[in-house]
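Peer 1: So the sequence lines, in the order shown, correspond to chains A and B.
Its first residue numbered 128, the first sequence is counted upward by one per residue in our numbering.
Its first residue numbered -1, the second sequence is counted upward by one per residue in our numbering.
Treat the hints loosely; a few may be bogus.
Derived EDC-like pairs (lysine to aspartate or glutamate); straight-line CA-CA distance at most 20 Å [as the list claims (entries may be wrong)]:
1) B:Lys100 with A:Asp256
2) A:Lys416 with A:Glu498
3) B:Lys176 with B:Glu304
4) B:Lys11 with A:Asp331
5) A:Lys416 with A:Asp388
6) B:Lys97 with A:Asp329
7) B:Lys94 with A:Glu282
8) A:Lys332 with B:Asp196
9) B:Lys260 with B:Asp295
10) A:Lys334 with B:Asp98
11) B:Lys289 with B:Asp267
12) B:Lys91 with A:Asp329
13) B:Lys64 with A:Asp331
14) B:Lys90 with A:Asp225
15) A:Lys332 with B:Asp98
16) B:Lys97 with B:Glu206
17) A:Lys322 with B:Asp96
18) A:Lys332 with B:Glu12
19) A:Lys470 with A:Asp387
20) A:Lys332 with B:Asp39
21) B:Lys64 with A:Asp329
22) A:Lys334 with B:Glu12
23) B:Lys97 with A:Asp256
24) B:Lys11 with B:Asp196
25) B:Lys91 with A:Asp173
26) B:Lys235 with B:Asp267
27) A:Lys322 with A:Asp387
28) B:Lys262 with B:Glu293
29) A:Lys349 with A:Asp256
Below, a sample of chain B positions facing chain A; criterion: calculated Cβ distance under 7 Å [stated by the list, open to error]:
30) Ala58
31) Ser80
32) Val82
Just so you know, the hints here were simulated from the structure itself, not pulled from any lab data.
Each residue gets a CB set at the ideal place from its N, CA and C atoms; glycine is no exception.
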Amino acid sequence: MTQVVAVTGNEAVANALRQINPDVCGIYPITPQTDMMQRFASYVSDGKVDTEAILVESEHSSMSACIGAAAAGGRVVTATSSQGLALMWEMLHIASGDRLPIIMPVVNRALSAPLNIHGDHSDAMGARDTGWIQLWSENGQEAYDNTIQAFRIGEHMDIRLPVMICLDGFIISHSIERIEYLEDAEVQNFVGPYKNFLPLLDLDKPKSYGPLILPDLYHEYKKAQHEVMAKVTDVVLDVAKDFEKMSGRSYGLFETYKLDDADIAIVILNSAAGTTKDVIDEFRAKGVKAGLLKPRLFRPFPYRKIADALQHTKAVCVMDRADSFGGYGPLFMEIVSALYHAKDKPLLMNKIYGLGGRDYLPEHAETVFSELIELANGSPLKNVKEYLGARE
Amino acid sequence: MATGLKLKELSKKEDLFTHGHRMCSGCGAPIVVKMILLATDYPVVASNATGCLEVSSCIAEYTAWKIPWIHTAFENAAATISGVETMYRSLKKRGKMDKDIKFISFGGDGGTYDIGLQSLSGAMERGHDMIYVCYDNGAYMNTGIQRSSATPLGADTTTCPAGIAIPGKIRPRKNLTKIMAAHNIPYVAQASPSNWMDLMKKVRKAHEITGPKFINILSPCNRGWRSKTNDAISLSKIGVNTCYWPLYEIENGVTKITFKPKEKKPVVDFLKPQGRFKHLFAPENEWLLTKMQEEVDTEWEKLLKEEQCV
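Model the full structure from these sequences, guided by the hints.
Peer 2: Below is the structure:
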């Protein structure tokens, strides 16, 4: 029986973690994630989970302890945001390099300086190259569903990789939405018992984790990480199929909205996709064939399938809620890479929007679609990359 | 079934840290590790900070460790083992683990006094059942003898070289053992491989105490100390006999000096055989020798008073 609730994104994800009841959870506060792990700490204190919480003194130690715990042999979770993810950065590579399926919700927030606690994607984009699988979530429901699916993906015996579940700070983490919860038993049955792989605590077969690897082997070790990523997309789709059977909610590698016959489109991650869909409806009502593509799986990035979905359009704006200063936005770079090999490709522009929690309003999407109409009609592109809605 | 602390019995025990590692000949660290593992009569899992011991003992696809061992990074050996220990407790609670296992972390002074201090402090405060062992050779030896906060006053290192303007390290060592004692953990000790029985007794005692334990062990490095390859034990013995490296323990807040030299030797006896202090014997640097002796005397007096306070 589905339970319909009105809860925040943080509460929904904390509840998913309660239902999964992991063995160890690393807890350290950082806005806007704090409230998620606080809730989980209450579940621990109230005996609603069997999890051993480890109340670390920093995010660096949180990820270090999670790596130790996961290597020891069991299901491990933690969560973070922004500076916390940045502090973990060194250890993120070690979690993936050691092939440990740690699951971590990342409540996306801007990076300092200047200090800003509000939502943007700079944190997770900075962790793009750490070897983690990244699932992105438009709303609380998707964050809840992605969290449950992440365990099956990361712990899959062909994969064994850590997974980040990204959700927008405050906009999703702190907003109350209608969310459908699955039954505890359904979630536990879906996720299944943890399968051990080379546990450190196996005293009969002592193992050494984390050796020094010299140039004779390091290259091959990294190639293995590259190769395993190629298997992830199929697993994500298989898990999504099973999840749909259970929940009735369908997930792919990305979501499209009125894209099939679209002339112009916006590519955008997470919560801003909702606003964009509303504006697409407005433009469709005016007879403009506008559409949207919202990536869900950002690492590994499904280049070919995204190119197939976009190549028929005339002009596309890729919207980035993070910047690579001196370069294009990180999502834009992926979309350009995806389309380079396509036979037909749309004209492309890049807008940087909503940094540090700046609201993304319908008028912003309207501006972008108006520009896209002009571009599709042959107007020259002035600047490939521009900041959207910046004060003069 | 505990093995007696007698050489005859200990020599029959299997070495859990085996030959084939690539530590320099004459290094103190593998001697310390062997003594600790020989003194351990429980199944044991170890973590290791990045450093000499780590890079030389497990080079893919070989390992010198016959126990489960994990290295993740430089500053987090304590956090890493705290995660392993937490998973162990979680699995025990859920009935998935029936063995009694002990947990040890090994770190050099760079990985412990400096970059790993926060991780160590956090793990001690959280109360994990573990022993943290610092093998203190007084500098970042793995990267080529750079100054750490454990480097003694006056020492010549590659980042505080003895020059005309600055005569080596001009700051005294950090007293990490006391800092760990200030965490009010049940057991803190200082040991030296020269006094092997004392070292192994301390390890034995630490294993029998539940909760966080810290042992700081002097570990000569002939490359960094600019000394002979066969003097690790004799130099650490002089370190103890000059009271540069006092052997003591603090158990539940009570200080006990476990070895008092019959005759306290002058600190120059410890400095003279080491090339890193060679420049101190030039007339213009004599003040540093005086200062060093004063510091050793002050610390030793403090320790004697602490012991009497009980």
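Peer 1: Does the structure break any of the earlier hints, and which numbers would those be?
Peer 2: 1, 8, 14, 23, 27
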